[in-house]
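Protein chains in written order, with numbering that gives the first Met the number 0: chain Z, 0 to 293; chain F, 0 to 243; chain S, 0 to 325.
These are computed hints drawn from the structure, not numbers from a lab. A portion of the hints provided could be inaccurate.
Label pairs and their in silico Cβ distance ranges [to be verified]: (1) 45(S) - 253(Z): 51 to 61 Å; (2) 216(S) - 146(Z): 16 to 26 Å; (3) 122(S) - 210(Z): 34 to 44 Å; (4) 96(S) - 137(F): 28 to 38 Å; (5) 302(S) - 269(Z): 34 to 44 Å; (6) 122(S) - 269(Z): 54 to 64 Å; (7) 96(S) - 77(Z): 48 to 58 Å; (8) 137(F) - 216(S): 23 to 33 Å; (9) 81(F) - 164(Z): 32 to 42 Å; (10) 95(S) - 77(Z): 54 to 64 Å.
Note that the coordinates shown come from a computational prediction; the quantities given were computed from them, not determined experimentally. Heads up, the beta-carbon is just placed ideally off N, CA and C, and yes, glycines get one too.
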Amino acid sequence: MDILVYGTVNSVTFALIALGFTLVYGVSRIPNFAHGSIYVLVGFLTYSFINDLTLNYPLAVFISLIIASIIGLIIYRFILIRLRGLPASEIIASFAVGLIILEGLRLQGIGGFKGFIGPFYMLPNFIEGKVCILGVFVNYQRLIIIGAGLAMIVGMSIFTHYTKLGLSLRAIAQDEHAAMMLGVNSDRTAMISMSIGSALAGLAAVTILPLGNITPEMGYHVLIYALAICIIGGLGSWWGAVFASFLLGFSMKLSTALFGAMWESVVLVGTIIFILLVKPSGLLGKQKEFEERV
Amino acid sequence: MVENLSKAFGGVQAVLNVSFALKKGDILGIIGPNGSGKTTLANLTTGFVKPDRGTVRFKARDITGAPPHKIANLGLTRTFQVMRPYHSLSAYKNLIVPLNSPRVRQTRGGKLGDTDAVAIDILEEIGFERDARVPYKIAGSLPLGYLKRLELGRCFALNPEVIICDEIFSGLSMSEITSMIPLLERIQMDGVTLVMIEHRLRELFRLADRVIVMNFGQKIAEGIPQEVMEDPEVKKAYLGRERA
Amino acid sequence: MDRSIKVRTEGLYALSSWTEMLYLILPRALLIVGLLTLPLLLDMYWQRVLCAAGIYALLALGFDLLAEYVGLVCLGGAFFIGSGGYISGLLNAHLGWSALFCIPIATLGGAIFSTLVLIPALRLRGIYFAIISFMFPMFARYIIIALSIFGGTEGISALGTLPNVWTEIYLILVVVIIALFAIRRLVNEDIGLILRGIKDNDQAVKASGINITSYKIKAVFIASLLGSFGGAYLSHLYGWLGISLFAMDFSILPIAASVMGGMGTLAGPVLGAFALTPLSEALRGFGQLRVVIYCFILIGFIVYKPEGLLNYFQRKYHQFELWETV
Numbered sequence: 000m001d002i003l004v005y006g007t008v009n010s011v012t013f014a015l016i017a018l019g020f021t022l023v024y025g026v027s028r029i030p031n032f033a034h035g036s037i038y039v040l041v042g043f044l045t046y047s048f049i050n051d052l053t054l055n056y057p058l059a060v061f062i063s064l065i066i067a068s069i070i071g072l073i074i075y076r077f078i079l080i081r082l083r084g085l086p087a088s089e090i091i092a093s094f095a096v097g098l099i100i101l102e103g104l105r106l107q108g109i110g111g112f113k114g115f116i117g118p119f120y121m122l123p124n125f126i127e128g129k130v131c132i133l134g135v136f137v138n139y140q141r142l143i144i145i146g147a148g149l150a151m152i153v154g155m156s157i158f159t160h161y162t163k164l165g166l167s168l169r170a171i172a173q174d175e176h177a178a179m180m181l182g183v184n185s186d187r188t189a190m191i192s193m194s195i196g197s198a199l200a201g202l203a204a205v206t207i208l209p210l211g212n213i214t215p216e217m218g219y220h221v222l223i224y225a226l227a228i229c230i231i232g233g234l235g236s237w238w239g240a241v242f243a244s245f246l247l248g249f250s251m252k253l254s255t256a257l258f259g260a261m262w263e264s265v266v267l268v269g270t271i272i273f274i275l276l277v278k279p280s281g282l283l284g285k286q287k288e289f290e291e292r293v
Numbered sequence: 000m001v002e003n004l005s006k007a008f009g010g011v012q013a014v015l016n017v018s019f020a021l022k023k024g025d026i027l028g029i030i031g032p033n034g035s036g037k038t039t040l041a042n043l044t045t046g047f048v049k050p051d052r053g054t055v056r057f058k059a060r061d062i063t064g065a066p067p068h069k070i071a072n073l074g075l076t077r078t079f080q081v082m083r084p085y086h087s088l089s090a091y092k093n094l095i096v097p098l099n100s101p102r103v104r105q106t107r108g109g110k111l112g113d114t115d116a117v118a119i120d121i122l123e124e125i126g127f128e129r130d131a132r133v134p135y136k137i138a139g140s141l142p143l144g145y146l147k148r149l150e151l152g153r154c155f156a157l158n159p160e161v162i163i164c165d166e167i168f169s170g171l172s173m174s175e176i177t178s179m180i181p182l183l184e185r186i187q188m189d190g191v192t193l194v195m196i197e198h199r200l201r202e203l204f205r206l207a208d209r210v211i212v213m214n215f216g217q218k219i220a221e222g223i224p225q226e227v228m229e230d231p232e233v234k235k236a237y238l239g240r241e242r243a
Numbered sequence: 000m001d002r003s004i005k006v007r008t009e010g011l012y013a014l015s016s017w018t019e020m021l022y023l024i025l026p027r028a029l030l031i032v033g034l035l036t037l038p039l040l041l042d043m044y045w046q047r048v049l050c051a052a053g054i055y056a057l058l059a060l061g062f063d064l065l066a067e068y069v070g071l072v073c074l075g076g077a078f079f080i081g082s083g084g085y086i087s088g089l090l091n092a093h094l095g096w097s098a099l100f101c102i103p104i105a106t107l108g109g110a111i112f113s114t115l116v117l118i119p120a121l122r123l124r125g126i127y128f129a130i131i132s133f134m135f136p137m138f139a140r141y142i143i144i145a146l147s148i149f150g151g152t153e154g155i156s157a158l159g160t161l162p163n164v165w166t167e168i169y170l171i172l173v174v175v176i177i178a179l180f181a182i183r184r185l186v187n188e189d190i191g192l193i194l195r196g197i198k199d200n201d202q203a204v205k206a207s208g209i210n211i212t213s214y215k216i217k218a219v220f221i222a223s224l225l226g227s228f229g230g231a232y233l234s235h236l237y238g239w240l241g242i243s244l245f246a247m248d249f250s251i252l253p254i255a256a257s258v259m260g261g262m263g264t265l266a267g268p269v270l271g272a273f274a275l276t277p278l279s280e281a282l283r284g285f286g287q288l289r290v291v292i293y294c295f296i297l298i299g300f301i302v303y304k305p306e307g308l309l310n311y312f313q314r315k316y317h318q319f320e321l322w323e324t325v
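Isolated chain Z (complex conformation) (with noise of 0.2 Å):
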C-alpha cells in the first residue's frame, strides 16, 4: 500500500521536475540545461526570502517564481537568441548558464555574499502535520505536491488549449513554419516558452524542497532526471513526460520495495538503454529518428 501512496508522490514528483524542460524542448526545441540550475536558485531564494527579508511564506514563493522567469526569458533572450539552430552551441551556452548559478551559488566571499554551502538550508512545509490515507501517514507536504503537479498538469491542458497564447504555442510546437506563416512569433513564443518552463522548475522547487533540504548539487541530479524522463517520454511530448514520470516513479519506488533502495540508479539507467533500444523516440514520442529532409 504505501508504494502505491509513495510511488505516486514520486512520479508526480517526476513529472514536475520534467514538465517545464519537455515544454520548452516541445515548444521551441531549446533543450534548456539550465533548468536544473533554476530549480536550485528558486530554492535559494525563497530561503533567502523568507530568513534574510523576512518576507511571509507565499509571498516568497510568489517573488521567487517571477524571477525564475525573467531569469527563463533573459536566458533566451540574450544567450539563446543567437544560437537557434545550432542544438550544439544551444546546449553547451544553457548548460554554462546553468553551471554559473550553481557554482556562483557556492561562492564564498565576494561581496560579502556567504555562498550556500553544506546542508542547512531547509524550506519549511506549507503546512505541517501528517494524515493517513489508506493506512499510511502521508504528510501534507507529500499531498501538496500531488495537488500541485495535478494542478499543473491541468492547468497546462487548459492554458495550451484555450487561451491564445496556448495555442500559439502548440502551433509552434507542431509546425514552426506553418506557426509562423500565420503570424505567430516565433522567438517571442520562445522567450514565453523559457519563462513558463523556468517557472514550472520553481514550482517544482518551491513543492519539493521542503521535503529535504537545498544543495546546488541537487541541480546537477535535477537536470538529470528531468533528462531522463523527457527521453523515456519522448522528447517534446507533454504527455509523454507524464506517462514516464509515472512508469519510472512507480518502478523505482517497486525495485526498493523488493531488492533494496541501491538500485534504483540502476532502473533508471535500464529504462533508458532499453527505451532507446526499443522504441527510441520515447514512448510517445513522435519524433521520428531520423529528420526527414527530403
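Fit chains F and S to the supplied structure of chain Z, relying on the hints for placement.
Relative to chain Z, chains F and S alone:
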C-alpha cells in the same frame, strides 16, 4: 516491382495503393501535380520512409522498409530534390563517400587504389571540365547545374542498376536541361534503368519510354507518353475539372 | 594535379623556396618542440599541471573530432576518463599487473565499453547523443555509489604508479602529439571524409550505400580511445581511482577549450586545453569562481566568436602570406 504501396502521414494519405513495374533499361517517368506523392513514392521505394502497406521488390528480393544504405547497395539509387552536397568538401571528395560503399568494393573488386583518381574520372564523365579545375572547387560554391550533375554522379559512382531522379531538371535553364539530356541517354545506354520524377513534361517526354501519372497519391494513368496525355483523367488532374 | 601525392591536404601550397617551406612547418614545429621542451622548464607542481593539461587536451581533441567532423556533441567526456581509469585501476589492484601494462589494455577496454554503451544513442538524432553522453558519467557515479562496487565512494588507492617523473610527463605529451597529427591525417582519409559527409548531410550518405551508424560507432570509438587513455593514465599518475574520475570537470573543460581554441581545427582545442588548464590551476585560490569564469568565457566565445581563437589566427596568418607573395 512495386506493389500496392500505401503510406499516410498523420491525416494525409500521401500514397495510396500505387503499383508499378519497372522494366530493365527503360526510362520511366513519374509525373503529376504538386503534392501528388511522387517524392514520397521515391522515399518509400528507397527505404527512407517505411510504408504502411504494400511491398517493394527489387531483383526478386523483398526490400520493403529496408534501410536506405542496404537498398543503395543493391543497386537502387536515388537523387534528392533538395540539393545538399557536402559543402565543406570539394566536389570530387563528395564522390569519395559513395566510392567507399560495400557495393563499389564488390563490383570493382577489392579496394580501389586511388579513389581520388576514380572520383575525378567519374566527374569528368558527367561533365565537370577537368582543366577548369571544377572538380576541386568546394561543393558549396558550385552553381546549380553542376550540383545536379554531382547528385547524378553520386548515384553513378555506385555502379547502379536503377537511378531514381527526383526532379533533376527543376531549377535548370532550358540550355542546361538540353545539355543534360545526352548525359541521361548515355547513362541509359550503359544499361542503367532510370525513373524520372518530373514537372517539365516536354523534356521528360523526349526521354521517357513509359509514364505514370499520379494525383493525390494514387496512380491514375500509365502508358506511353502520348497516350497518357490524351487520358481525360490526366487532363482533369492537371487542368482542373472544367477545362477537361 | 600531381597524382603522386597520396595524402590529401586541405590546401596545396606551391612550395617554391625553403623559406616558404619553413613558414609552413614553423607553427607545427613550434608546437611540437614547445610542448616537448616545456617540462624541462617547469617545476614539479607545474609539471603535474602539464600532465593534467595533456589529459584535457586528449579529451578536447576527441570532442572536436566528434562535434565538428561527425556532428555528435559529446557532453560527457568524463565517461571515457572514468571507464579507462576504472578498468586500469581495477586491473592493477586486483590482478597486480604493472601500470605500463594496464594502461594500453584499459585504453582499449575503456573505449570498447564506452562505445558499446553509447551505441543506442547513435541511431538517433544528435540531441539524443548529447543528452545521453551527458547523463552517463552521472549515472556511472550513481551506480557505483549505490551498489558500492569498485570501491564505492572512497575509491581504491595505492595503485601502481609510473616508473619515474619523466615517463609520466613525456608519455602524455607524446601521446597528445601523436594523437593530434594522427587525427588530422584521419579526417582527410576516406573514413574522415565519410564522417564529415555524415555531419553535412546524412541522408545523402545513406543513399550512397554507407551504413552511417557503423561509421559513427568508429568515430566514437576513436574519441573514446583518447579519453580512456587519459583516464587510465590519470589513475596511475596519482595512484588512486574514485568517482571523481567521472567528475563534471572532465566534461566541461574540454568543451570550453574547444570552443575557445577553435572548433574544427583540432589543434585549437589542444592548445586551448593547454591554456585553460594552467589558468584553472592558477585560479584555484578563488574556489568555485573559476568555474563561473570559464563559463562566462565559454558563453562569450560561443555567442560572439564561435570560430574560436585558432581559426582566427590561422586566417590572419595565411592572409599575411598572401600579401607577401605579390
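* Does the Cβ-Cβ separation between residue 81(F) and residue 164(Z) fall within 32 to 42 Å? -> 34 Å, holds
- Consistency of beta-carbon spacing, residue 269(Z) to residue 302(S), with hint 34 to 44 Å: 38 Å, holds
- If you check the beta carbons of residue 122(S) and residue 210(Z), does the distance land in 34 to 44 Å? 38 Å, holds
| task | Take a look at whether the Cβ-Cβ distance between residue 216(S) and residue 146(Z) falls inside 16 to 26 Å. | result | Given about 47 Å between the Cβ atoms, the range is violated.
key: residue 122(S) versus residue 269(Z) beta-carbon gap, inside 54 to 64 Å or not   = With Cβ atoms ~18 Å apart, the hint is violated.
- Range hint 54 to 64 Å: satisfied by the CB atoms of residue 95(S) and residue 77(Z)? 56 Å, holds
- prompt: Cβ-Cβ distance between residue 137(F) and residue 216(S): within 23 to 33 Å?
  reply: 28 Å, holds
Practice task
Check the following: the C-beta atoms of residue 96(S) and residue 77(Z) are separated by a distance inside 48 to 58 Å.
Solution key: 53 Å, holds
_If I claimed the Cβ atoms of residue 96(S) and residue 137(F) lie 28 to 38 Å apart, would that claim hold in this structure?_
Check failed, 50 Å falls outside 28 to 38 Å.
Should the hint that residue 45(S) and residue 253(Z) are 51 to 61 Å apart at their CB atoms be regarded as holding? 53 Å, holds
Figure legend: structure checked against the earlier numbered hints; hints not met, in rising order: 2, 4, 6.
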